[in-house]
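**Q** For reference, the chains in residue letters:
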Amino acid sequence: MQFNSFSDFISMGGYGFYVWLSFGSCALILLGIFLDSKLSHQRTLNAVSKQLEREARIKKAKQESK
Amino acid sequence: MWKWLHPYAKAQTAYRLCNTLLPYFAVVAVASIIIGWVWGLGFAPADYQQKDSYRIIFIHVPSAILSMGAYSSMAIAAFIALVWQLRNAELAVIAIAPVGAAMTLIALITGAAWGKPMWGAWWVWDARLTSELILLFLYLGVISLYNAFEDKGSAGRASCILALVGAINLPIIHFSVEWWNTLHQGATITKFDGGAIDASMFWPLMVNILAFAAFVGTVVLMRLKNEILLREKHRPWVKGLITNQTQLENQNVGDKNAV
Amino acid sequence: MQRQYSYRQLFISVYKKDVLLAFRQRSEIINPLLFFLIVISLFPLGIGPEPQLLARMAPGIIWVAALLSTMLGLDKIFRDDYQDGSLEQLLVSPYPTSLIVIAKVTAHWSITGLPLVLLSPMFGLLLNLDSNAMQAAIITLLIGTPLLSLIGAIGAGLTVGLQKGGILLSLLVLPLYIPVLIFATSAIDTSAMSLDYTGQLAILGAMLAIALVMAPFAVSSALKVSVS
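Here the protein sequences come in this chain order: A, B and C.
The first sequence lines up with residues 1 to 66 when you count with the UniProt record's numbering.
The second sequence lines up with residues 1 to 259 when you count with the UniProt record's numbering.
The third sequence lines up with residues 1 to 228 when you count with the UniProt record's numbering.
Mimicking EDC-like on lysine to aspartate or glutamate, the simulated pairs with C-alpha atoms at most 20 angstroms apart in a straight line are:
#, chain 1, residue 1, chain 2, residue 2
1, C, Lys164, B, Glu150
2, C, Lys164, B, Asp151
3, C, Lys224, B, Asp151
4, C, Lys224, B, Glu150
5, B, Lys239, A, Glu55
6, C, Lys17, C, Glu28
Derived by calculation from the structure, the hints in this document are not laboratory data.
Start from the sequences, fold in the hints, and give me the full structure.
**A** Now the structure itself:
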């Protein structure tokens, strides 16, 4: 470990703001794009299944009306 | 010779391949991000000149490398999609573009946050920062062109053409910016990477590059899966997949109710 | 299908049609020029009228204004033909699409680029350019504006099928213009210091040659995507 105490670690020899700013924004962006991909998978599944249900309903209604 | 590749032109096979590869990439990404960040932030020694501010290198360099790597892989995929008319390569272009844009954005933000203590300004028209900015514009162009089309088939092909045009232009842009920079700024900016980097900093950097590469791989695979599903939604295998999924969910709900 | 026309005839007829149309509705030629003039006269108002300062900034101002004013007409290259269906007819005709593209790009250049080159001495006077730099500005515009039309045509071909292609077009095309901007302004800067600027001109010429060979293919595949 390069730092003696936790507050040393946070202050990064006076450069804390810049180091934590870049690591923080990096983590935020990585997390953001990961969550976006994750959620869009669920969204895709939902959208496709909804569309399939709708198509099935239309088919059924057509058969009943005959 | 290339025959073993042919099955992967089929969307279902490619989807399955994504599913098999995904856990490996994800595990490597998570493990190496944790190791790389802890090592880089806590255990790597401070630079004698830049003190602790140099630690930004552990995310700035990997994201810059990956931003260009992602663009070149996107261009290769675009080339394959246009020459051999492979739908999956086209979808890969769409899957890579947002991830590459995110990498470029990280490289820009960390570059600015590093520039402030080192150069005294958030933004300096340094050759590499400027090229990154233009790279971001190119990524945004590909993404917004894809989103502008109603018909996703033509959208994919149009983005492929744009990605290729950008890839041909990128070296020209890069060298012209570098040349412009030496012309206008001279030697006012001290270069960071003078000489070889010490092993105690080199290895954490390598781990972080691996981490970013694995992360990009993971997210691209996830996005590629989504694109394949969206494009193939009328195929029976997608229907089968979805009915399976809903059955599983219903089961889960049933289990919870039982508890 | 039999080819009725030789390639030269085809080139001339496509070129003639576009130029003639532009001359019929004069605004297409005059508006970009007026825009260029207004942008250039805005700069002294914005940064102050000191002749030294203006002469220092002039290369950048002239070239940025030139980039923006070629953007104005860019959307028009294929849009009218796309909307009345003649673009589709041209694409299914037995003639090579890249030839048609070159004809249309040349027409676009003669409508927007050439007048800019011819009037650039006047704009140079407004910005206090000396005669050396003026000469360089004219030559760089002469080599650079066709390059702008060629690269821009790629973006125009990609966005022609879209309802709101205009803003997207500038987002796609302007980053690709950066090398032209850098080398052209640097040539004018160098000439203002009475140094030799043939190096920059050679690079601009090389870029023009590359674009002349590659851009028509990119544009024709873009058009095929947009029209299909």
